[in-house]
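Colleague: Sequence:
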Amino acid sequence: MTEHLNRLTPRQIVFELDQYIIGQNDAKRNVAIALRNRWRRMNSPEEIQREIIPNNILMIGATGVGKTEIARRLAKIADAPFVKVEASKFTEVGYVGRDVESMVRDLVEQAVGMVRTQKKEEVKLKAEQAVEDIILDALIPPVHGSGIPKVKSDNGSDEMPQDDAELNQRTRERFREKIRNGELDSRKIEIEVQQNQVPNVGMIGGAVDDVSMMNIQEMIGNMMPRRGKKRKVTVEEARKLLLDEEASKLIDMDEVKLEAIQKAENLGIIFIDEIDKVASSRSGGGGGPDVSREGVQRDLLPIVEGSAVNTKHGVIHTDHILFVAAGAFHVSKPSDLIPELQGRFPIRVELNSLTESDFFQILKTPKNALTKQYEAMMESEGVELEFEEGALREIARIAFEVNSEVENIGARRLQTVMSLLLNDFMFDIPDVIGSGSHIIVTAEMVSEKLSALVKNRDLSQYIL
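Last residue of the sequence shown: 607 in the numbering used here, with the numbers rising by one and none dropped.
Calculated from the structure, these hints are not laboratory results. Treat the hints with care, since some could be wrong.
Said to hold, decoys possible - Distance windows between CB atoms, simulated: (1) Lys383 <-> Asn186: 37 to 43 Å; (2) Ala595 <-> Asn186: 57 to 63 Å; (3) Glu326 <-> Gln272: 14 to 20 Å.
As the list claims (entries may be wrong) - Calculated pairs, PhoX-like style, for lysine-lysine (alpha carbon to alpha carbon, straight line, at most 25 Å): (4) Lys269 <-> Lys219; (5) Lys392 <-> Lys262; (6) Lys331 <-> Lys262; (7) Lys331 <-> Lys269; (8) Lys321 <-> Lys331; (9) Lys267 <-> Lys331; (10) Lys392 <-> Lys373; (11) Lys372 <-> Lys383.
The C-beta atom is built at its ideal place from N, Cα and C for all residues, glycine as well.
Produce the complete structure using the sequences and hints provided.
Modeller: Laid out in structure tokens, this is it:
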């Protein structure tokens, strides 16, 4: 579990984050240290490991500046289970929303899925051989031998097959080669696919929590017999349907669950967005919604502090899960959170609002830049798209100006601007603009197409 983290030094983590996120160096440094500290803890003496708690992080910044993206990319870099939840889900009057423990259960489900995928990859070769045999049996059913020995010719080679079993075996080997070469992918065969008959279970009477309901459904599902369903599909489709089924038979789910819980406990990252929505503004006075908000904070507290949560896969301890909370804090302040919860997020990072220069770099530098996405989409139609540097600077200027005058939604404004700029082209391809065309986006084209967006503020207020 620690081999992958061993290669990720804080500088290497920041370098990886720089491939996708522009600016916000302070936030990147802090999350890089937090991630590296996990490896340091797991390689510390055993008696001190339990005492080293993660430095949970509170990110403060407007929408669209990269808070969620930093946490999501960090989880991908570390190959760690990652769950994002909105704190506002827990603010409904009477707690109609999900209970706070559900985010930990979601994290375990994510971890189980990751470990299961990894285990299936390990047994993929064996599973493919089993699938190959099933498809071969459907094409050429095996015939048992009659016990008649084969006759050898004078030169030592086999003569014509002496019985049906030998002929059958030779035919199967020829078809096996055809299957491997993909020559029979369009041939229709009949296979049996296993189906687990799990009925939808509803409870009459008192409320039943999520984990109890999941356990009841799993118990009933295990009691119900697995039934096979005959399906007529092509060899190519059969290979896809059967591969997952055969791989599942080869892995030990008890081992998967145990490893997944350890992965979630030691590497899991839970991102709590909109934490400012449950902060009670002291200046507001009175009760009402603030009472509910403070209640949500008190429910979050034991999870962040460290507690045992029951899941369908077993008990998970949250002591060493990394929690990253984020909020804009336009109305409230971080100090409006209850002191106990503030203390559980000792690292506070303020993310900067994006500048015009940042917008230009976002369009040009990241691996997943919007410009590269549009280029790839048009390339699928055989159309080449090219952006001049002046055009990118003009797009950045307009996006920054609209954010300043209307509503600051950060980098998401670029999606609006790019959509308005290129929608006509996207509509005309491939009917009017055919394959082989070359579109060059210039600064003059950007100014012409987007001038109304900046000049007409009445129009701008209706654009996201």
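Colleague: Evaluate each hint against the coordinates.
Modeller: Verification of the hints:
1. Range check, lysine 383 to asparagine 186: about 41 Å between beta-carbon atoms, so the 37 to 43 Å window is met.
2. At about 59 Å, the CB distance of alanine 595 to asparagine 186 agrees with the hint of 57 to 63 Å.
3. The given range of 14 to 20 Å is respected by glutamate 326 and glutamine 272, whose C-beta atoms sit roughly 18 Å from each other.
4. Between the alpha carbons of lysine 269 and lysine 219 the distance comes to roughly 28 Å, so the proposed pair goes past 25 Å and is violated.
5. Of the pairs offered as hints, the one joining lysine 392 and lysine 262 holds, with about 11 Å between alpha carbons and a cut-off of 25 Å not exceeded.
6. Taking the CA atoms of lysine 331 and lysine 262, the gap is near 30 Å; set against the 25 Å cutoff, the hint is violated.
7. For the proposed pair lysine 331 and lysine 269, the alpha carbon gap of about 24 Å is at most 25 Å, so the pair holds.
8. For the hint pairing lysine 321 with lysine 331, the CA-to-CA distance comes to about 14 Å; that is within 25 Å, so the pair holds.
9. Between the alpha carbons of lysine 267 and lysine 331 the distance comes to roughly 24 Å, so the proposed pair stays at or under 25 Å and holds.
10. Straight-line distance between C-alpha atoms of lysine 392 and lysine 373 comes to about 19 Å, which keeps the hinted pair within the 25 Å bound.
11. Note on lysine 372 and lysine 383: the hinted pairing holds, with a Cα-Cα distance of about 16 Å set against a maximum of 25 Å.
When held up to the earlier numbered hints, the structure conflicts with 4 and 6 and fits the remainder.
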